[in-house]
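Chains C and X are the protein sequences, given in the same order. Following our numbering, the numbering of the first sequence begins with 6 at its first residue and continues without gaps. Following our numbering, the numbering of the second sequence begins with 41 at its first residue and continues without gaps.
Mixed in with the good hints, there may be bad ones.
What the hints assert, rightly or not - Only part of the chain C face toward chain X is listed, based on derived beta-carbon distances under 7 Å: (1) VAL136; (2) SER139; (3) MET142; (4) PRO144; (5) GLN245; (6) TYR250; (7) GLY277; (8) ALA564; (9) PRO565; (10) ASN567.
For the record, the hints were derived by calculation from the structure and aren't laboratory data. Just so it is clear, CB atoms sit at the ideal spot from N, CA and C, and this is done for glycine as well.
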Amino acid sequence: MDKILRIDMGADGGPKASTAPLGQYAGFGGRAMTSAIVSKEVPPLSHPMGAENKLVIAPGLLSGTASAMSGRISVGGKSPLTGGIKEANSGGQPSQVLARLGYAAIVLEGKPKNNDLYKVFINKDGVKISVDNSLKMLPNYDLIAKMKAEYGDKISCISIGPAGEMKMASATVAFTDMELRPTRHAGRGGLGAVMGSKGVKVIVLDDTGMPMRSPKDPEKFKDANKRFVDGLKSHAVTGQGLPAYGTNVLTNILNEVGGYPTYNFKQGRFDGAAKISGETQAETEKTRGANPTHGCHRGCVIQCSGTYNDKDGHFLTKQPEYETVWAHGGNCGISDLDKIAMMDFLDDNYGIDTIEMGATIAVAMEAGIAKFGDADAAVQMIHEVGKGTHLGRILGSGAAVTGKAYGVERVPVVKGQAMPAYDPRAVQGIGVTYATSPMGADHTAGYAVAQNVLKVGGDVNALKPEGQVELSRNLQIATAAIDSTGMCLFIAFAVLDQPDTFQALLDLLNSFYGMNLTGDGVTDLGKKVLSLERDFNAKAGFTAAQDRLPEYFKSEKFAPHNVTFGVKDEDLDKVFNW
Amino acid sequence: MDIKNIELWPRITFDVDGPLVSHFFLLLQQGVTIRSRTGCSVAAFLREEIGADSETIEKIQSVILDGSPVDDLESAVIKDGSVLALSAAMPGLVGATLRRGGTYSSFRNAITYHETQEECIKGEGLVHIKVFNLLMAELGPGLLQRGVVISSEDFIRFATGQSQDFRQGCRRITLDGKPLASGELPDSAWLSGKGHIFLSLSSTGERKSCLDISLQSAASHIRASDGREIPFTKAVLTIRNMCDSEVVDILPHATLGQEGGTVQDVSSSFSQSAHSSIPPGGAADWDVYDLLIPAHSGTASKIHMFGYRAALNWRFELAAWAEYRPSGSSITAQTPVSRWALRWSVENPATADVGLTIEDLKD
Chain C
6 MDKILRIDMG
16 ADGGPKASTA
26 PLGQYAGFGG
36 RAMTSAIVSK
46 EVPPLSHPMG
56 AENKLVIAPG
66 LLSGTASAMS
76 GRISVGGKSP
86 LTGGIKEANS
96 GGQPSQVLAR
106 LGYAAIVLEG
116 KPKNNDLYKV
126 FINKDGVKIS
136 VDNSLKMLPN
146 YDLIAKMKAE
156 YGDKISCISI
166 GPAGEMKMAS
176 ATVAFTDMEL
186 RPTRHAGRGG
196 LGAVMGSKGV
206 KVIVLDDTGM
216 PMRSPKDPEK
226 FKDANKRFVD
236 GLKSHAVTGQ
246 GLPAYGTNVL
256 TNILNEVGGY
266 PTYNFKQGRF
276 DGAAKISGET
286 QAETEKTRGA
296 NPTHGCHRGC
306 VIQCSGTYND
316 KDGHFLTKQP
326 EYETVWAHGG
336 NCGISDLDKI
346 AMMDFLDDNY
356 GIDTIEMGAT
366 IAVAMEAGIA
376 KFGDADAAVQ
386 MIHEVGKGTH
396 LGRILGSGAA
406 VTGKAYGVER
416 VPVVKGQAMP
426 AYDPRAVQGI
436 GVTYATSPMG
446 ADHTAGYAVA
456 QNVLKVGGDV
466 NALKPEGQVE
476 LSRNLQIATA
486 AIDSTGMCLF
496 IAFAVLDQPD
506 TFQALLDLLN
516 SFYGMNLTGD
526 GVTDLGKKVL
536 SLERDFNAKA
546 GFTAAQDRLP
556 EYFKSEKFAP
566 HNVTFGVKDE
576 DLDKVFNW
Chain X
41 MDIKNIELWP
51 RITFDVDGPL
61 VSHFFLLLQQ
71 GVTIRSRTGC
81 SVAAFLREEI
91 GADSETIEKI
101 QSVILDGSPV
111 DDLESAVIKD
121 GSVLALSAAM
131 PGLVGATLRR
141 GGTYSSFRNA
151 ITYHETQEEC
161 IKGEGLVHIK
171 VFNLLMAELG
181 PGLLQRGVVI
191 SSEDFIRFAT
201 GQSQDFRQGC
211 RRITLDGKPL
221 ASGELPDSAW
231 LSGKGHIFLS
241 LSSTGERKSC
251 LDISLQSAAS
261 HIRASDGREI
271 PFTKAVLTIR
281 NMCDSEVVDI
291 LPHATLGQEG
301 GTVQDVSSSF
311 SQSAHSSIPP
321 GGAADWDVYD
331 LLIPAHSGTA
341 SKIHMFGYRA
351 ALNWRFELAA
361 WAEYRPSGSS
371 ITAQTPVSRW
381 ALRWSVENPA
391 TADVGLTIED
401 LKD
């Protein structure tokens with residue numbers, strides 16, 4: 006993994022591929038790599054669909070090795086949804102395959118001179134770029150079936166659906182899973198539209214003949230990996246809760262504490278929660294012969310993904326995540342698990358972010374386009390997006406645009422990106438992260454709950470109001486660092502409670518690269534990444550005014566606790582003071 | 041009728057055990073009502089009313105009382121009409137935030153439970169309990185055996201969702217103490233007018249499984265790449281019928297994981313030597329090295345390239361269980377999951393003898 010592949014889509018005579026050593030980007034992986042390249046090479050004021058924007062796809066530092074949980078892949082660029090820098094990451098197979106092929110990043114640059122659609126094939130012999138207009142407007146599942154027929158089943162794919170081709174701001178970049186299904190997505194921020202603007206429909210990867218990446222110190226690496234896996238398996242969340250129920254296990258408890266945004270963030274409880282909970286979902290899957298315990302990439306030991314079958318026992322979609330079930334479920338007043346699973350499939354097939362789509366449907370329901378709870382109308386709205394009708398174009402542009410188009414005040418977005426499934430009035434600390442993350446409202450931006458291990462920012466008095474600001478800062482730093490390793494963010498659960506597991510992660514990196522990274526080094530990496538991202542956004546025109554929740558979160562009481570968001574603006578402005 | 045008049049509600053009792061008990065667990069996420077002592081702390085309630093031991097209480101990482109997360113189980117008081125929800129450790133930042141007394145509890149200061157009752161009023165009352173996720177299997181059998189009040193609407197939805205196999209698998213169903221005909225459930229139309237019912241299970245103990253699964257070592261030989269026969273200790277997985285009647289439709293399952301690698305379903309390997317029935321006292325054996333390991337794609341490819349040495353000094357984790365049907369019964373039963381750690385290693389470098397250690401793993 007010692008080179009970067011650049012494909013200039015606007016080169017004279019057609020797209021041209023070139024490879025170069027890592028140079029100034031040596032030592033970077035995942036989010037650190039994407040944000041470093043974007044902040045260095047993309048003019049902050051450029052148009053997200055313009056030739057100056059770049060789409061960067063980077064595997065993690067340990068991808069392609071024998072390390073467990075190393076299969077995350079980051080996608081970066083200037084976001085058409087937020088107008089700022091964006092990194093979205095995904096599971097699936099391509100990270101491992103791309104790393105084994107030796108690439109630390111693929112950078113799509115320039116803009117094609119015509120409307121041709123391209124496919125890119127990469128294997129041990131090199132890169133082949135070809136026009137294939139027969140792929141136009143193919144949904145992801147049909148596209149992958151066609152690639153399988155053409156290249157065989159030893160491949161993995163990175164692709165966009167029709168939403169990406171139509172350059173919609175909620176379009177995703179899809180990654181195939183172990184079964185060669187396009188179920189994993191770099192969802193947030195509309196980076197699928199950037200890929201669409203480059204005219205690339207699919208990148209097909211084949212690592213046949215390429216060996217697994219070898220560590221500098223194999224014995225220490227093997228030992229660290231064993232301790233890392235043991236730590237994950239012994240933890241109650243990564244070893245039991247997630248494998249049994251997946252992330253949707255959160256529905257019941259969020260609903261119980263009144264923090265489950267319902268009917269477009271109007272209230273914190275949904276009467277139909279038990280019908281769409283992780284417990285009900287897992288039981289439904291087992292009854293229909295599907296599997297609630299399944300990995301999204303090889304090397305996963307947490308196994309939190311799964312499969313969801315229809316009533317006849319046929320595969321319908323992957324097990325929908327908590328945020329997906331919430332977005333299309335409680336937030337839209339829908340309690341039909343099969344309809345929610347169908348919407349998950351449609352989102353994946355058309356290539357749309359499930360969180361943005363669900364939040365947008367709820368805003369549309371508030372606007373009166375359909376009634377809350379009308380599942381068939383919600384399904385139809387996704388089809389409108391996939392077909393690119395006039396209504397579909399508006400909906401596919403996200404919740405903020407839809408709210409503007411229909412004059413809706415209650416639009417739950419920050420920096421143009423829809424909030425996920427945790428109301429910031431009930432859980433105010435996460436509101437600090439929603440408001441201040443360079444990525445826009447993002448629950449994963451402050452996800453790596455490793456503060457007690459890393460001690461980033463020193464000791465925090467969590468009982469003081471400003472403690473929430475400090476905690477959010479530390480969480481964002483830790484998350485940026487873990488995103489940069491390319492490890493699945495869910496390892497953070499074990500890292501939170503088990504310092505030995507965090508040390509095992511450091512030992513994995515150190516034994517592989519022959520370096521001596523410490524907790525402080527991880528903190529510095531996280532700060533560096535966040536600084537690059539904040540700097541890009543500032544140059545793109547972002548000010549403190551963008552680091553705020555919508556006003557109604559401060560004034561509209563949220564039942565059942567009747568709370569409003571109480572963190573002061575001046576405290577939000579202190580988050581990145583380090 | 042007031043829900044407080046528990047004695048007046050129709051009493052439905054299911055005599056079931058084994059896997060059928062888990063069919064009732066989803067009722068617990070919606071919530072059930074019990075009559076209990078009130079005016080005590082949440083900690084005392086969990087210990088004395090729910091019967092949770094200290095190990096189980098440790099697993100209860102999130103406690104929600106009347107919609108608010110509780111940090112101190114000793115100071116929060118259960119009252120008549122309280123709603124108590126219990127969850128194991130949850131993922132994500134918000135999962136961590138909702139844990140009792142966690143580092144991130146300040147994130148939800150606005151909704152945290154604060155006890156306002158200065159003096160405990162001891163008494164008896166009704167408490168609504170919701171049990172989520174992994175705790176359903178921990179606390180569910182005890183709660184259901186004690187008996188719970190649920191809305192008749194919830195019960196009807198539960199009953200109509202059950203298969204004929206479930207109904208026939210129940211040894212007995214009684215309504216107000218009178219047995220119903222086999223496979224019959226109380227009339228839905230009659231129940232729907234009742235408002236609530238008192239539901240209990242008369243037996244929630246695990247029925248002894250007919251099939252016993254064990255893993256043992258056995259002396260054998262293996263041929264090395266140079267043609268030598270090397271002493272090699274086999275791991276033999278045995279399923280034995282401990283019942284007095286034949287067991288049929290046996291469907292064994294197994295997962296295998298190699299340290300640092302993935303856990304994979306290797307059940308397909310059983311089909312190579314299918315045993316669809318075992319007579320009383322009979323047994324079926326499978327050689328782990330010859331049959332199960334080749335079904336694990338990661339390990340199999342290494343052994344294919346490097347021979348048996350690729351399996352040496354690695355820790356393997358094997359889990360096995362089986363579905364089966366006692367002859368004459370229409371109900372499929374399932375054994376508990378048995379787990380072991382295995383490690384092959386050279387015992388005598390001079391002769392290259394390969395020994396095997398097997399460790400029983402408890403859940």
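Which hints, by number, does the structure contradict? 1, 2, 3, 4, 7, 8, 10
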